[in-house]
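Novice: Residue numbers (UniProt numbering), protein chains in the order written: chain A, 1 to 110; chain B, 1 to 308.
It is possible that some hints are incorrect.
Pulled from the structure, derived: some chain B residues nowhere near chain A, Cβ distances all over 10 Å [to be verified]:
hint	residue
1	T56
2	S118
3	S129
4	K257
Think about it this way: if two alpha-carbon atoms lie no more than 30 Å apart in a straight line, the pair counts; the simulated BS3-like pairs of lysine-lysine are [said to hold, decoys possible]:
hint	chain 1	residue 1	chain 2	residue 2
5	B	K28	A	K95
6	B	K105	B	K257
7	B	K230	A	K97
8	A	K95	B	K7
9	A	K80	A	K95
10	A	K97	B	K277
11	B	K277	B	K230
12	A	K3	A	K95
13	B	K28	A	K106
14	B	K257	A	K97
15	A	K106	A	K80
16	A	K3	A	K80
17	B	K7	B	K105
18	A	K90	B	K28
19	B	K257	A	K106
20	A	K54	B	K28
21	B	K230	A	K95
22	B	K257	B	K227
It should be emphasised that the hints constitute simulated quantities derived from the structure, not laboratory data.
Bear in mind that the values here come from a model prediction, so they are computed numbers and not experimental data.
C-beta atoms are modelled at their ideal positions from N, C-alpha and C, and glycine is treated no differently.
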Amino acid sequence: MSKIFYDHLVIREDITAVLDSYDLDPVEREELVGLIDSHLHHHILNIILNHLPKSHHADFISRVIAAPHDTQILEFVRSKVSVDIEEEIKSHAAKIKTDLLSEIHKSRRK
Amino acid sequence: MPRPAPKPKLDAQWLRSRIKLKHLHSEKLLTASHPGAVAQLHAVGIPPGNLRDHATRLLTAGATAGVLLLTPGQPLPASASLPPSSQTLFVSPLDLHQSLAESLKSALPSEVIPLTPSQESQISAILHSHFGLHAGADLEGNRLNRSYGLIGAEQHLPRYPGDTASAHEDFIQAGITPGRGAWGYFAPSLAELTPQLIRTEKYYVAVQTLYLPDWTTRLSYLRDWYKYRKVVMVNPENGKTIIAAIADSGPSAWTGKHFGGSPEVMAYLERQDGSQKGPVILFFVDDPDNQVPLGPLEYNLEKGLPLS
């Protein structure tokens, strides 16, 4: 599995571990994990872009395109924003994960 | 050796629908908030949700070579990180809207008159089959005087004290109302104006709450119930459909119109006004978890497919 520069802040495994505690068809699991991953990408990009001044958006996206795994991207963002961007990502990811875990819980067959 | 306890089962299909809906919502939010950045990614063949697929491709091909190749004008072949069954099949929104318009022909009366309960139920079913949307003329015992009527164009609403037409993103020439909307400013100041409130004004509609028979006797309850209430609006002639929020009261009965639409709503529905009055369907959206995003509706919310 390839890495994205913010993976260590998101820890998707918190969700996949819960999914794996259920009797789930491997194809269905792969599909759900893919959707969750994609959903997280949308949110994390949105959070970063919300904080990053617009004048740096193109540079940021270019860096993501060139090397999506490169943790130096976070360094770049950190130098341009006034908030603790890692904390923002962690906090937002935690909320999304809570929401997704709630959906998983609700989908449990009685 | 004891056998391990069987794992509990999940309703995977239900879960997939729920997460797909959230996924579509987050995609739409990102695109609406940062269209330039999203366009930059798309220009090199990378949908924002497919970052990991892109990272995998770079690793496979060799990172250095991959970077050199990734320049605008040399797009990567589009391939999704999601399994085929979760991807949206390409059937254009135009097809979806044409199918909806065709289905509505037999459900609507030939003139723009109040709908019967049977017609309203039929239209609810049509909307659900096309969009996976739960919507109706009644919701929680509330209904407007019309669910099918004529709409006219409204101006922008002031979102905060001191807001101007030119501060709005689009349709500046539409102008801004001199007074606040029926529910006041969207935010006390520009600093407190959130992206969600910007979208609420962008996709607002006006409905005739002032003519509800119990408006004055139940004002406190109804005022809160209608504030930013989510509705679906359909132009039956072209099938174009938009999710909007109630944010103003009107128009007056003497105008002969029943609803008003923001400049963005009217432009999308292609229901331009002037002296014209165009028919639209307006139903309440049953969305207790606030999952249905405001704005044009061009896919099936439950299945992610334009047509089931």
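Novice: Any of the earlier hints contradicted here, and which numbers?
Specialist: 1, 10, 14, 15, 17 and 19
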